[in-house]
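**Q** Listed below are the residues making up each chain.
4 protein chains.
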Amino acid sequence: MAPSSEDVAVSGGGSQELSNSSPTSSSSGGAGVLGERDHFSKLLQNNREWCKARLAADPKFFERLCEQQNPEYLWIGCSDSRVPANQILGLQPGEVFVQRNVGNQATHTDLNVMSCLEYSVKELKVKNVIVCGHYGCGAVKAALKLPSKTTNLVNCWISDIRECRNQHRAELMQLDDHQAQVDRLCELNVLRQAFHVATSPVVQAAWDRGQELHLYGVVYSLKDGQIKKLVGPISGNGDFECDQADFESHGATYVAAAEAAAAAAVAEVGAGVGNLNVVSATLDGRVSLNGVTLTSEAKEDGRSSAAQVDALRAYINTAKVNNRIAEHVNGWH
Amino acid sequence: MAPSSEDVAVSGGGSQELSNSSPTSSSSGGAGVLGERDHFSKLLQNNREWCKARLAADPKFFERLCEQQNPEYLWIGCSDSRVPANQILGLQPGEVFVQRNVGNQATHTDLNVMSCLEYSVKELKVKNVIVCGHYGCGAVKAALKLPSKTTNLVNCWISDIRECRNQHRAELMQLDDHQAQVDRLCELNVLRQAFHVATSPVVQAAWDRGQELHLYGVVYSLKDGQIKKLVGPISGNGDFECDQADFESHGATYVAAAEAAAAAAVAEVGAGVGNLNVVSATLDGRVSLNGVTLTSEAKEDGRSSAAQVDALRAYINTAKVNNRIAEHVNGWH
Amino acid sequence: MAPSSEDVAVSGGGSQELSNSSPTSSSSGGAGVLGERDHFSKLLQNNREWCKARLAADPKFFERLCEQQNPEYLWIGCSDSRVPANQILGLQPGEVFVQRNVGNQATHTDLNVMSCLEYSVKELKVKNVIVCGHYGCGAVKAALKLPSKTTNLVNCWISDIRECRNQHRAELMQLDDHQAQVDRLCELNVLRQAFHVATSPVVQAAWDRGQELHLYGVVYSLKDGQIKKLVGPISGNGDFECDQADFESHGATYVAAAEAAAAAAVAEVGAGVGNLNVVSATLDGRVSLNGVTLTSEAKEDGRSSAAQVDALRAYINTAKVNNRIAEHVNGWH
Amino acid sequence: MAPSSEDVAVSGGGSQELSNSSPTSSSSGGAGVLGERDHFSKLLQNNREWCKARLAADPKFFERLCEQQNPEYLWIGCSDSRVPANQILGLQPGEVFVQRNVGNQATHTDLNVMSCLEYSVKELKVKNVIVCGHYGCGAVKAALKLPSKTTNLVNCWISDIRECRNQHRAELMQLDDHQAQVDRLCELNVLRQAFHVATSPVVQAAWDRGQELHLYGVVYSLKDGQIKKLVGPISGNGDFECDQADFESHGATYVAAAEAAAAAAVAEVGAGVGNLNVVSATLDGRVSLNGVTLTSEAKEDGRSSAAQVDALRAYINTAKVNNRIAEHVNGWH
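Chains as they are written, first to last, in this note's numbering: chain A, 1 to 333; chain B, 1 to 333; chain C, 1 to 333; chain D, 1 to 333.
Derived from the structure by calculation, the hints contain no laboratory data.
Misleading hints may appear alongside valid ones.
Derived DSBU-like pairs (lysine-lysine); straight-line CA-CA distance at most 30 Å [stated by the list, open to error]: (1) K60/B with K127/A; (2) K127/A with K122/B; (3) K223/C with K223/D; (4) K42/D with K149/B; (5) K125/D with K122/A; (6) K145/D with K125/C; (7) K42/D with K125/C; (8) K145/B with K42/A; (9) K125/A with K149/B; (10) K127/A with K141/B; (11) K223/B with K125/A; (12) K122/D with K145/C; (13) K145/D with K149/A; (14) K145/D with K52/C; (15) K60/B with K125/A; (16) K42/C with K223/D; (17) K145/B with K149/A; (18) K141/A with K223/B.
Just a sample of chain D residues kept apart from chain B, beta carbon distances all over 12 Å, derived [unchecked claim]: (19) K42; (20) N47; (21) W50; (22) F62; (23) G94; (24) K149; (25) N152; (26) L153; (27) R162; (28) R209.
Every residue gets a Cβ at the ideal spot worked out from N, C-alpha and C, and that includes glycine.
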């Protein structure tokens, strides 16, 4: 009797002897290897089918994959099972180099992330780094709470997200809803981790030698599966001339310039929505138009466009992050 | 004119003014946000299409995704762009919690990996942990070489793979081909990282409280996209009674028992291939049948079956890794 | 001929043969072990003498040292050779458990420091943790500069000190002198690392179970060898009742109360120096008395006392750090 | 009334009010800053006295300390309070750059240790690195036990010492006494950490550019305070020409040569103890002389000299570690 391609055991006697005497049977269960568990067999089955499908679509697919390692993107995302890097971007194997950890962090002292960054930027020369967070992130929820009193590992691991929370306490406390606080901290965490990437020695070195590298911060919504850009592209340290005595005013001028440009854009776009006199972008990212706060929800009166507002916010975020990068990089001489 | 949903700029004048004066234009390029770069727009476009496709197949898909976080698998894989966790297993968002790093490592001192492990095992209660390596891994190639003399980050990061290389020097040196050495070290590294997962405090604690958790080590081939199981399932510390004075012989007896069982299986299976007198499993995993080494390539004479041999090797690996876990765990009292 | 207790070689012939053929002679030098290098022999010699001196002073010294491991202090200091933990505190072996690293850091994600903290607090039950920085610290100097463009290790390691610099940019930029900026950042870094210790899961857990544990932040001056206390003792999370809606004003009230108390103290102490109407403590720690800034230098007119001012500053720092701890710990419910 | 230099409070009324109302009084105790706790005052007092003593001995001591940072040694030792780096070597501030952590580890993936190593070797150009362990080390004791089932931090931190235990299982299990096992693992851990230092990218780079750098591994005995050298000096990768096909035999020849040389030395030295025909150094470091095992205890018949045996063992250890370094470094080409 020909055995199936997964099994080794053939005749009842032989396999049953092996099953019964299998040393891999521990007290917690775990049938012998020779009679494979269904769930893993299912995965192997899926794998075979996926291979067949790929070859059917393109017979040379795996040949080329072997030789090539030229991804254009590095993705730094959350380990959360519901946010799969490749699928939600519609990318194929070979296109995205991936780091996934709890809370999509990119702190400089984490050798794990920094090695991914170094390898992908320096050796593979990816052109883009995308930091992707997601609303409802468990790590962010945990970071909102008081520090745990147990010395478990996750509690130490999320300390940079707690730092982010502390720095934006004023803004977060003004939000009524706990869920709104979680979602806003998800966004702030993405901006913070993007800032870490931009100011990392790896990226600073890449920009210094003129390497093309663009950075984005995005957030993923589990409600509708959509990616929303929060900041980017950031492609260099910017052209901020910072003098020690003048930086504060210079920085303020820069943000003001960004906001004026945003206002001009809103003015152009919003011509159809009425008279736009005053537009301001406040620290927490809310854009006001004629004293009415634009939200990301579409309004019946057509006054705001979610995508327009998002693009504006991203524009202002980019300006601000660029500002902070310049602050960070241009120290004292 | 209604702007497209991606753009904010409308009339040429406005946008061009913004483009020209855009503070985000740094010397390295980077067009203003308001006129988005093609490659990122392409990704957003892919994302929209993927969302539509999912909703078309299942209107309630994202609703359910929001609430649920019940993955059955934790995947510890390599960051390499050519090995996408979800796609090659045919799994959907929500099914796999993912850690990806350079060289698919799971060392106990890496807070990044250990936090993933802790969160997925303790909070999400995944049922399976899969460590997945891949042939041709760049990290493994680098680990075969003498230590670099530059203090870059990757060089420090891969030190556990160098430890693996050192421990298996004898076996690796007997392979003629550099490529064969790389591939064999890929396999040995997977076995080593699986061992680290099994002996981690997180997993030891889980098994100690009776939690169901199965561990697998697999390797992915870029040549044909196929996943091959190297070891597993390992579901507990095993039932090894280890006494300090007897352990060596006990251990030897155990491996011998495993090999005898394997031989019996081969005998049963191979009845149709001739007279099988001598079967042995050597330290490097090669199974010999009548003095002829079984390889994973199919032979015309039908003497060996690749899948049968792989299953046998996995069986023996599992026995040996279980053995090493017992050694590791059962210290001195 | 009896060989000296250090050497093995005896007759000229034997040792010279060994020296000549010593496999430890590498091209970079390194005389054979058998004829020991002077500098290490010197250290062994110092060691023997130190042992004799200790036994002469107390014959049972080493006996007791063997059994006991009851230090009262954990010292987290800089690796800098010029700041030896034990000597500058006049403590004996057995009294201080020590962690020393570049920049005296205590970030939560560093397993090295956190393990020291956990072991000393949980197992050895030290009563005090002292974070000690020092003026002129090389790590702090490096953190003031723009991020290096080389991916070396120290550059990643000091990123938390750069974070400290960024958060206190306004204050630092007002200091004219680069040296003054370095010294002030040394102090701010000590306050920051002390805050990390206080909010670490290890210490939070200890205070939660009622363990006696006091925290101090100090700075060491290479100019005169003196330790100056910056903050402490901090012995718990404080008794801040923080309500989400009220925290801002509550916090402000608390600091005001601290300052008023400080003012009363100054008034009491300074009765002999004239009429004291206005005292204020500004964000950067400068205490003003009648509009005249008190410095730490002794003034001929006796108006200020360096120790009094330091104690006041420490008092105010303690109040502020306690405040920040409360902010950090009392999150949202 | 002139206040003491430590206190700020003066008149009973004022200070008592402050004490009573001090916000730093938390429920766990902690008297107000203004009336300082005895134990910390004691430390400040010790510090003042130490400063006076140093100035009395050398008025320019601190002046010179300020400018100079030229230590000759990097010390990697255990945090254990009973092993103070400076005091037991009789060194002064300015002479030793120090890293202290639980278990005196130097793994490549620990950014904390590696930053110390990089800074001291590359910037300060220390000439010697000393790895110092100590008998009775708590971290080593813990590593001998089965892995804990609690995910605390120390348990993850000591995993490299568990790796050391696993690799030397055979030798350790032959020791009857648990205490002997702990002590032998302390020694093996020192050898292992020294090996890590030698093969670290930092040290490999230093040797590659011809920098003078010598490495030692030592162990400290709490019983008598004495430092014993286990291995060193190691000053380079050695001059081992390793060819892939020949390494095994070459390695064996090298060790044999070392042992023969050691035997010749023993023969020379031991001329007065009788006829020496057979001397061998076994894998576990025991030296036999005429079939009688030499121990480190002095024997009445004068047959063995503890110092001679220690020097021989160090010689053989050095040869073996050099051998392993060569193995590690000279990979495949």
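**Q** Hinted pair, alpha-carbon criterion (30 Å max): K145/B, K42/A. Please report holds or violated.
**A** Violated - the C-alpha atoms of K42/A and K145/B are around 38 Å apart, more than 30 Å.
**Q** Given the hint that K145/D pairs with K52/C, test it: the Cα-Cα distance must not exceed 30 Å.
**A** Roughly 36 Å separates the two Cα atoms, so the pair is violated.
**Q** Within a Cα-Cα threshold of 30 Å, do K42/D and K125/C meet the stated pairing?
**A** holds (20 Å)
**Q** Does K42/D really sit off the interface, with its C-beta more than 12 Å from all C-beta atoms of chain B?
**A** holds (37 Å)
**Q** Per the stated criterion, does the least C-beta distance between K149/D and chain B lie above 12 Å, as a non-interface residue requires?
**A** violated (4 Å)
**Q** With a cut-off of 30 Å on the C-alpha distance, tell me whether K127/A and K141/B pass.
**A** holds (24 Å)
**Q** Using Cβ atoms and 12 Å as the threshold, tell me whether W50/D really stays out of contact range of chain B.
**A** At roughly 37 Å from the nearest Cβ of chain B, W50/D sits farther out than 12 Å, so the non-interface label holds.
**Q** Is the Cβ of R209/D more than 12 Å away from each Cβ in chain B?
**A** violated (8 Å)
**Q** Has the given pair, K127/A with K122/B, been kept, meaning a C-alpha gap of at most 30 Å?
**A** violated (37 Å)
**Q** Given the hint that K60/B pairs with K127/A, test it: the Cα-Cα distance must not exceed 30 Å.
**A** violated (36 Å)
**Q** Does the claim that F62/D lies off the interface hold, with its Cβ farther than 12 Å from every Cβ of chain B?
**A** Per Cβ check, F62/D is outside 12 Å of chain B; nearest 34 Å; holds.
**Q** Run the distance test for K145/B versus K149/A: straight-line Cα separation, threshold 30 Å.
**A** violated (44 Å)
Figure legend: structure checked against the earlier numbered hints; hints not met, in rising order: 1, 2, 3, 4, 8, 14, 15, 17, 18, 24, 25, 26, 27 and 28.
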